[in-house]
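Trainee: Going line by line, the protein sequences match chains A and B. Under our numbering, think of the first position of the first sequence as 1, with each following residue one higher. Under our numbering, think of the first position of the second sequence as 1, with each following residue one higher.
Keep in mind that the hints are not guaranteed to be accurate.
To be verified - Pairs of lysine-lysine, DSS-like flavour, derived with a Cα cap of 30 Å: (1) A:186 with B:149; (2) B:149 with A:73; (3) A:89 with A:4; (4) A:73 with A:89; (5) B:71 with A:89.
Derived by calculation from the structure, the hints in this document are not laboratory data.
What follows is each chain in one-letter form.
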Amino acid sequence: MIDKRVASTAEAVAGITDGATVLVGGFGNSGIPVELVHALLDLGVRDLTVVTNNAGSGETDIAALIRERRVRKIICSYPRSSGSVWFEKLWRAGEIELELVPQGTLSERMRAAGAGLGGFFTPTGADTPLADGKEVRVIGGRRHVFEEPLHGDVALIKADRADRWGNLVYHSAARNFGPVMATAAKLTVAQVRAFVELGELDPEAVVTPGIFVDRVVVA
Amino acid sequence: MRLTARQMAARVAQDIPDGSYVNLGIGLPTLVADVVPPDREVVYHSENGILGMGPAPAPGTGDPELINAGKQLVTLLPGGAYFHHTDAFVMMRGGHIDITVLGAFQVSARGDLANWATDDPTVPPAVGGAMDLAVGARRVLVMTTHTTKDGRPKLVTSCTYPLTAAGVVDRVYTDLAVLDVTPDGFLVQELVAGTTPAELQARTDAPLRFADELAVLGEEP
Chain A
1 MIDKRVASTA EAVAGITDGA TVLVGGFGNS GIPVELVHAL LDLGVRDLTV VTNNAGSGET
61 DIAALIRERR VRKIICSYPR SSGSVWFEKL WRAGEIELEL VPQGTLSERM RAAGAGLGGF
121 FTPTGADTPL ADGKEVRVIG GRRHVFEEPL HGDVALIKAD RADRWGNLVY HSAARNFGPV
181 MATAAKLTVA QVRAFVELGE LDPEAVVTPG IFVDRVVVA
Chain B
1 MRLTARQMAA RVAQDIPDGS YVNLGIGLPT LVADVVPPDR EVVYHSENGI LGMGPAPAPG
61 TGDPELINAG KQLVTLLPGG AYFHHTDAFV MMRGGHIDIT VLGAFQVSAR GDLANWATDD
121 PTVPPAVGGA MDLAVGARRV LVMTTHTTKD GRPKLVTSCT YPLTAAGVVD RVYTDLAVLD
181 VTPDGFLVQE LVAGTTPAEL QARTDAPLRF ADELAVLGEE P
């Protein structure tokens, strides 16, 4: 029998190790798996590479991971949000590495990883500093930059409801990076508002099929 | 005279046809949604997975997860849809968005856009979705003051700030003029009353050409 439900956020993040690449869903404060990130903090792992859109805000979740010096490198598109105090502080001190990726390229690099592709050419970033050192090819008369897939060891995402097979539906704009991150990691963990019985989710409305999900926890 | 931000937005809004799918950049461009004529049905897109985005909810109400690219609370209109980030950028990069309105630090006479990074080494670089939008939207409109706060030109022969994208800008709306980007550089289509072409040129780094039938910006057509 398949049952991906786990009882606690501690159990949900068990097995994540030092040096892991962790994909963390969310855009601003929408869709961040706050409780899972706090469980990761409690787990005590360090030297992490965190892939997420923003670089945390205030004192909680991603900002707390950064403040506690658990993050060696962050791969993101917009680390300059108001309240990104801890990221800015460590970045100025040279204590955290930043890989800046255009937002669409960030999601597409994870899509390529999840889809088993070796990368892709995109016009985004051509003739900008973010293309430095990357292969450029003219396709259809336009300059395109080669981007590599971005794999995660773990994805931590937030959804609204899950069944025991790990099928997920989301809530409004909190969906954001969840579906693509779920495909791109070896271990995908979703925190949800509620569990439902198998068969209760409308199959026409399932956004992330359970094949992409390993553990679900109510938080 | 110089146009106010709202007057600039109203001028941009004139060029957004009924039925358009539109992405408004953070900051000044978000004003455009407030002044699009009510008889036009315009569908607003947000990079975090929203089509049919509506105005801010009443204070104290709203869905805390339902935010726009600027992280402000918004609403969803009837007919609106949610989708995940990859699809949001398929819409942007894939040429499905009819119009984007973006702010700018600099625009060059070739239509190069610089709007994401200055040369300040104390501020971490941040790009968000600006590059994807600039390369992907079918029509890229820039809405910006004509000069910086300290009077330096923003419309330049070549950008000195890092580019967002090369050769993408179609039209620029400033507080002094409306300019098309053409293969021969900037062509001024409209100019505010009380400013001469020579005065506009003095506030612009790039050489300007002026339309034969130069319209007055800020007066009803």
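Trainee: Could you run down the list of hints and mark each one as holding or not?
Mentor: Going through the hints against the structure:
| no. | hint | result |
| --- | --- | --- |
| 1 | A:186 with B:149 | violated, 50 Å |
| 2 | B:149 with A:73 | violated, 36 Å |
| 3 | A:89 with A:4 | violated, 39 Å |
| 4 | A:73 with A:89 | holds, 14 Å |
| 5 | B:71 with A:89 | holds, 22 Å |
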